[in-house]
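If you read the sequences in order, they're chains A and B.
Residues in the first sequence are numbered from 1 upward in steps of one, following the working numbering.
Residues in the second sequence are numbered from 1 upward in steps of one, following the working numbering.
It is worth saying that the hints were derived from the structure and are not from the lab.
No experiment lies behind these values; they were computed from the predicted model shown.
Don't be surprised by glycine CBs; every beta carbon is placed ideally from N, CA and C.
Treat the hints with caution; some may be incorrect.
[Stated by the list, open to error] Derived contacts from chain B toward chain A, CB cut-off under 8 Å, selection only:
no.	residue
1	G173
2	N287
3	I288
4	A318
5	G319
6	G321
7	N337
8	M402
9	Y414
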Amino acid sequence: MRSFVLALAATTAACASAPPASTRPTPSDSTARAAMPAAGTPGSPGAGALSTPNADPFPSTYKPFASRATVIRNVTIMTAAGPTIRNGAVVLRDGKIAAVGATVDVPADALVIDGAGKFLTPGIIDDHSHLGVYAAPGGQALSDGNEATNPTTPYVWAEHSVWPQDPQFPRNLAGGVTTLQILPGSANLIGGRSVVLKNVPARTVQGMKFPGAKYGLKMACGENPKRVYSTRGPATRMGNVAGYRTAWINAEAYRRRWDKWNADKKGDPPSRDLGMETLAEVLRGNILVHNHCYRGDEMAQMIDIAREFGYRIRSFHHGVEAYKVADLLARDSISASVWSDWGAFKMEAIDAIRGNMALLQKAGVRVIMHSDDPSGSQRLNQEAAKAMYEGRRLGIDISEDDAIKWMTINPAWALDLDKQIGSIETGKNADVVLWTGNPFSVYSKAERVWIDGALLFDRNDPKQQWRTDFEIGFVPPPTVGGSR
Amino acid sequence: MRTLVIAAAVSLGAGVAGAQTIAITGGTVYPVSGPKIENGTVLVRDGKVVAVGANVAVPAGAQRVNATGKWVTPGLVNAATQIGVVEIGAVNDTRDAFARGRDQIAASVRVWEGFNPRSVLIAPAREEGVTTVVVVPGGGLVSGQAAITDLDAPESSVRSLHGPVAMVAEIGGSQQGGVGSRAELIGKLRELLADARFYGTNRAAFDRGDARALSASRADLAALQPVLAGTLPMLISADRESDIVAALDLAKEFGFRLILGDGAEAWMVADRLAAAKVPVITGAMNNIPSGFEALGKRQENAGLLRKAGVSVAIIGNAGGGDEEAFNVRNIRYEAGNAVAYGMSWDDALRAVTLAPAQMFGAGARIGSLEAGKVANVVVWSGDPFELGTRAEHVFVGGREIMEPTRQQMLEDRYKTLPPEYRQR
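Working from the sequences, and respecting the hints, build out all of it.
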């Protein structure tokens, strides 16, 4: 334990220095840390009593894995930033994409990979995952995604439920997924904070946390909350809406009290409330709203509620009826995180259509292929393909360059990480996937996956296939060509 | 709203386009029962296939379907669905697949008696080349009896629905079926089968009330007789290797024909399954150790079983909607994934056509393109397993059903926002 304490102290000290001027307010912002006393300082009042914007009590400890300069050449590159580059090349160096184009300068020390016949894409980003909070092998012991004890639980944080040894993480990595937003479930009107993770092995969830990523807030419309709380309420959709509004009314008052105190530090600080603090952070724009909502009419109502209280909805999730209100989503720059073809499993999902994504794209909505499922997330490329081809059937021209964005730069935007990840552009994080063939073919698989320039998965090398602690002894080991 | 209603009625009226003799010409034909035929012809008359080959004379007056550059296969068979018995998963009024049974035993339940041929999920499945489904009940220890049906038009007077084609049961673990341990579960199944055997030989005494107490109702015991006689297969879902072995042992002990369902760890006992000639119905997109009974789940399962000589039918069972009636159509992508994980393409096509047909006693009627078989035929724009391929023509019993799906009608409605909906 001793070394941990020392490391923590060092980190805290480092944060006293000013961040680069370009750094926007994030959980690693200096003002956040300034309010944090050194761990265990005797006699210090403790920041735990104060509600501080962008506080970061569980900071990321992620460090990029060891990498070497790597060139992948003679490969088809779907950049998610511009047109596909045939016979292109990329240079990954020091965790970043150092160059991309038809030709690149090959560093003398670089490992050179021939990508003939293969495709390179940005790492896949799933903005709706429950890995770790509903970990395999499942059962009550690992059911940690819904704090279904109260319809409004903004005080819970998904990261406190994430089991880093969930064997679903490496399986998602083998599907090319490099970044995940882990959300609480949808039992509650307001389900708690999400966390953005890099899909890497770690002992703690903090070792997976994406440095500087904003938190998200999970909200849920419709059937789930009213079913879960049918006896104590809300038991109806109108009860749901009253529940959201009541919470925001309280949150707005809380935000004002604390903003005033944080500005003038006069008198006793107001009492801190974990749930109200999360909602106040939404109202300040520091936390992004991810709203589970199936029906178009309910999305319209949620947009009105957001306007009433002055927050923005970053993405409607599941949105099987988003196509019905595509114009409303486009107008308010709300993205749609949807499936290609899952529907009819409940009443609010009966109008699901495969053309959803194409119709949304046509209307100018930022479209995201999400999973909400540990199996589907391994094949977001196939899901995107289905939606792309359905668009073409409807006469809507969806190119592969459009569809690749659905699972890369668009979800990166939903997480406000589109400056760092989501496309193959010079200077961005070197999160890339080498596919055995065109990713929109049913026969293609992720062959190698890099995160921050480090090779973390190689289908042809069992030694490069992360096995969680859980898998050891319980699960037969991977083979060449991999059971992943 | 009035115009909307009328428009919908008109599209629904599109109905069935039929012809007595149809010649599908010029395509690459994959009959499944034999090697592929380049530039082949499939000749259909009165709902049946009458000739398949490279040199088939097309009678004058036949309706021609030009399949040049296309792929022609038998209609796909999805071997484990709840289509027609579950419309909307979370709406109880539309759920007819899960009987209560007596003490988890529902052997007498004939799931097809609740089948709704007007399910709106049938058209989407058919539209993507699924022409036959096996409708399987679920829940409990013995779930009931399965049926097979072609996805023909609901108004068809020659409904192909046929049952029973299997008795369905599950060995799912220690907490299933109202028991406290695996051994108790298997013991309960053994007691049921033994009582059914006793009932079969002492029926008159039982009816007189002159027999010992038996563990199930008279109807359930009677329903199990064809299983014991070896005329009706028992489809047992089991994932853990030891549960699969228990099912094999029970089959041997009671002499019934076993079909293994799901079989996450079946690859571990592939040789035993092959030796016992037990077919397996499983998926190819599931690799999550989703329970302690499925730690060995892997995507190569189907391919490994086939390599060992096991007859395999591919279904969707990876979760995330794969197994739901809404996506019965996606079975072809499941087959494509099986190929990506080691199954040969030919075997994968067999696994969604002839193999399931044979498992459920329909191998002489459907599942391949051969003279005399029902004309369930699909003309694809390309490789049927590929995500960009479309089913361009789907014939069920020789008829092409043009009914638009509910999903297409919604797409049509919202492609351009109708005037009634312009106001937010």
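Cross-check of the supplied hints:
no., hint, result
1, G173, "11 Å, violated"
2, N287, "6 Å, holds"
3, I288, "5 Å, holds"
4, A318, "4 Å, holds"
5, G319, "5 Å, holds"
6, G321, "4 Å, holds"
7, N337, "6 Å, holds"
8, M402, "16 Å, violated"
9, Y414, "5 Å, holds"
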